[in-house]
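Novice: Sequences and hints are given; from them, build the entire structure.
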Amino acid sequence: MKFLKVSLIVLLAIAFVVGSTGCKKAAPPTPAVEKLKVAFVYVGPHNDGGYSQAHEDGRLYLQQNDPNVETTYSESIPEGAQSEKTFRDYAAAGYKLIFGTSFGFMDAMVNAAKDNPTVKFMHASGYKRSDNLGTYFGRMEQPDYLAGLVAGKMTKTNKIGFVLPFSIPECIREVDSFTVGLREVNPTATVTVVYTNSWYDPAKEGDAAKSLLNKGCDVIASGVDSPAPLDEAFKAGKYGIGYDMDMAAGMKTADEAKSVLTSRIWHWGPYYLKVAKAVEDGTWTSGDYWGGMADGIVDIAPISSAVPQSVIDYVNTRKQLILDGKYTPFDGPMINQKGETVVPAGTTMSDADQLNLQWFVQGVIGEIPKSGS
Amino acid sequence: MNPTFGSILIKVFAGAVESGTILLLPTLGEVLTERSGVLNLGLEGLMLIGAFFGFLGAMKTGNPYVGLLLGMVAAAAAAAIHAFICVTLRGNQTVTGLALSIFGAGLTSFYGDSWVSQRLTIAIKPMAVPVLSQIPVLGPIFFSQDLIVYAAYILVAIFWFLLFKTKVGVNLRAVGENAKAADAMGVNVVGTRYFWTILGGALAGAGGAYITCCIHPYWLNGITSGKGWIAVALVVFAMWNPFNALVGGFLFGSIEALQLQLQAAGTYINSALLSMLPYITTFVVIIVATVIVRVRHVGTPKELGIPYAREEK
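As they're listed, the protein sequences go chains A and B.
According to our numbering, the first sequence is numbered sequentially starting from 604.
According to our numbering, the second sequence is numbered sequentially starting from 141.
Don't take every hint at face value.
To be verified - Stretches of chain B that chain A covers, calculated by requiring three or more beta carbons in the stretch to come under 8 Å of a beta carbon on chain A: (1) 145-157; (2) 207-220; (3) 359-369.
As the list claims (entries may be wrong) - With a straight-line Cα cutoff of 25 Å, these simulated DSS-like cross-link-like pairs (lysine-lysine) come out: (4) A:K855 to B:K265; (5) A:K855 to B:K200; (6) A:K861 to B:K265; (7) A:K688 to A:K759.
What the hints contain is simulated information worked out from the structure, not anything from laboratory work.
Backbone N, C-alpha and C fix where the C-beta goes; we use that ideal spot for every residue, glycine too.
Specialist: Shown next as structure tokens:
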């Protein structure tokens, strides 16, 4: 067997060399094509059914569509200083493009990037950049807004519950844009926020949803990574709105799937392919990428059959406006919880302000904790 | 039509009984294991093993109760490894327990990989107890639950009776207090320690399987997310008494449920602080329990964590 394998490899190598010299006679002799080694670092399990899995799907898409890359991943890497070792190890092992997909990897990536100038680092959701450290994220706020429209039409108690992991700008943007959509179609509806203070704790996420259902919320939007909040909503005979992936698709029965009104989903694959190609071509430069629905990086999943067609049609018209670049959920007027107009009519909140967003819009019940207060 | 304050509280406590049962089962098992003198810090791993194999069993057989039993058997088998190393080989119980935790997480992630996010069609459903569930306030909180919760009530009573009112209990406690004396009296020290370690493992497995066969009927890696560690602390809280384990389990379930409900009520208390509550309570409780143990000399089995060898002088 071993002999067969070795001879096969030798044969293939000869065929490859002969083949490539055969068709590229004029080209100067090139060194054997070295594949670009790409590493992904996830905060959760690669198959968490949520955020990390969405990135993992992106990695697989890249692997399938670019024969010149070799990819791998590390999962369940804790945020903070410990993660630095993971990034340094990949750089030392010859990985030339490393994606870190969680906010808390930021400083670790900054340090690793400083010492490995030939390696390209890409950090999702962060804001610190250098010559070889770029940032990228998607405007999940656009699907959030559309999901808010659906929730506003479907709620009977006018109370929506939102299960959030942390009070970081990324999560606040989601709640704000969701509420903007909600109040557009249902001005008296409110959104109650409960934090789990964890990226991954299914039991607690379910309990958080329960506390919202107890209060009378009849649509539970999930900003956390497990499907637990949606299960609790279904068990209580209410609706859920999923996050990261099409969570209706994972449900076992038609009734369960129907209870998931829609999901806000990530499509990282095409973007990862683009970045890898840029690194291969040598055209990659550091910068910030923040794509929206028009780029296909974010979207909403097919809307549940529980939702009337007229609502779906309305959502689609609003979606078209976003796709055409004629509307964003951060268009003024935006009013904060105290009733003050923060973004005047006719203006749009700047990206920089969105990235540092630290206030809830009117209609949100909940607070943004100040650390140590 | 807003739900009244009272009706919300009843729902909070009903939920607390459910999540308290996840903690109660492993705590109860560990109380018995530690009473026999064996410290098993591997509860988190055993719960994960129970959760995964319980889920797998329910998937394969279509019956969540059969699944739960399989989860218990799997966790009992893992606990038997702990018993073998700690009782027969007289290995370090702390290290073995920690290894068991890591082993459980690794094993279930490895075999669970292809099962992630798959769901059970039939999960364990609540069954209200006739008559009792009609009692105002207490009925909806304690008697509109599922069979596992009722079984946990009964187990607490059985084990309390067994531990403090029967010969079996006296022997069990003797083995944990003074194995040499127990041995001299003709109690089978090795057999007793094996039995209660394995039974404790089965109960930890039941706690894990209760999550996947009933509360969240799907598999995710690390689905117990630290519940096993809280159970280890709860054993101290319970002062090695099954009845206190029940109180502790439900108390911790309530604290978690209440802190989330406080947030939902729009209370302006830092939610990170609220999330710390169960752990702050753990500190307070352990301090108080330790003082009580010192003063009244109850609880801690004297030879907890100490291997027994007959020939040693």
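Novice: All hints are to be evaluated individually against the structure, with a verdict given for each.
Specialist: Here is what the structure says about each hint:
| no. | hint | verdict |
| --- | --- | --- |
| 1 | 145-157 | holds (count 4) |
| 2 | 207-220 | violated (count 0) |
| 3 | 359-369 | holds (count 8) |
| 4 | A:K855 to B:K265 | holds (16 Å) |
| 5 | A:K855 to B:K200 | holds (15 Å) |
| 6 | A:K861 to B:K265 | holds (21 Å) |
| 7 | A:K688 to A:K759 | violated (50 Å) |
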